[in-house]
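Enquirer: Can you make the complete structure from the sequences, with help from the hints?
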Amino acid sequence: MDHVLLLRGRTSIGSKLLQCLIEHFSNKNDLIFDPLCGSGMVGVVSYILERDFIMGDLNKNGKIVFKHLLDYYLNKKGLIQDKKLGSFVFSGE
Numbered sequence: 000m001d002h003v004l005l006l007r008g009r010t011s012i013g014s015k016l017l018q019c020l021i022e023h024f025s026n027k028n029d030l031i032f033d034p035l036c037g038s039g040m041v042g043v044v045s046y047i048l049e050r051d052f053i054m055g056d057l058n059k060n061g062k063i064v065f066k067h068l069l070d071y072y073l074n075k076k077g078l079i080q081d082k083k084l085g086s087f088v089f090s091g092e
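When we follow numbering that gives the first Met the number 0, the leftmost residue of the sequence shown carries the number 0, and every step to the right adds one.
Calculated directly from the structure, the hints in this document are not laboratory data.
One or more of the hints may lead you astray.
What the hints assert, rightly or not - Below, computed lysine-lysine pairings styled on DSSO-like, alpha-carbon distance capped at 27 Å: (1) 15 <-> 62; (2) 66 <-> 27; (3) 15 <-> 66; (4) 62 <-> 75; (5) 27 <-> 75.
To be verified - Distance ranges between label pairs, derived from CB positions: (6) 63 <-> 34: 24 to 34 Å; (7) 49 <-> 16: 10 to 20 Å; (8) 26 <-> 60: 13 to 23 Å; (9) 22 <-> 59: 14 to 24 Å; (10) 68 <-> 20: 13 to 23 Å.
Keep in mind that this is a model prediction, so the values were computed, not measured.
Built from N, CA and C at the ideal position, the CB exists for glycine as well.
Expert: Next up, the structure:
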């Protein structure tokens, strides 16, 4: 792992900007860490760009929201979900 891209806090960064940042600051198979992932867009872009990722959130439904978002983008881009998803850590009650 040469680089780790860390994005924290509440954001509504578009997927194109995230793609540029992740491509610039990481390589394929690098680890992307998003401790407050919200809807999980960083994880989706990481997945599409072949990066490993660890995401966390306080919302116990975050994993469900992320999986739906990932399915939407994979279907939209015609990609096939053929690899294991990254890690998702729930730290809420």
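Enquirer: If a hint holds in the structure, say so; if it doesn't, say that too.
Expert: Hint by hint, here is what the structure shows:
{"no.": "1", "hint": "15 <-> 62", "result": "holds (22 Å)"}
{"no.": "2", "hint": "66 <-> 27", "result": "holds (21 Å)"}
{"no.": "3", "hint": "15 <-> 66", "result": "holds (19 Å)"}
{"no.": "4", "hint": "62 <-> 75", "result": "holds (20 Å)"}
{"no.": "5", "hint": "27 <-> 75", "result": "holds (22 Å)"}
{"no.": "6", "hint": "63 <-> 34: 24 to 34 Å", "result": "violated (19 Å)"}
{"no.": "7", "hint": "49 <-> 16: 10 to 20 Å", "result": "holds (19 Å)"}
{"no.": "8", "hint": "26 <-> 60: 13 to 23 Å", "result": "violated (32 Å)"}
{"no.": "9", "hint": "22 <-> 59: 14 to 24 Å", "result": "violated (32 Å)"}
{"no.": "10", "hint": "68 <-> 20: 13 to 23 Å", "result": "holds (18 Å)"}
Checked against the numbered hints above, the structure breaks hints 6, 8 and 9 and satisfies the rest.
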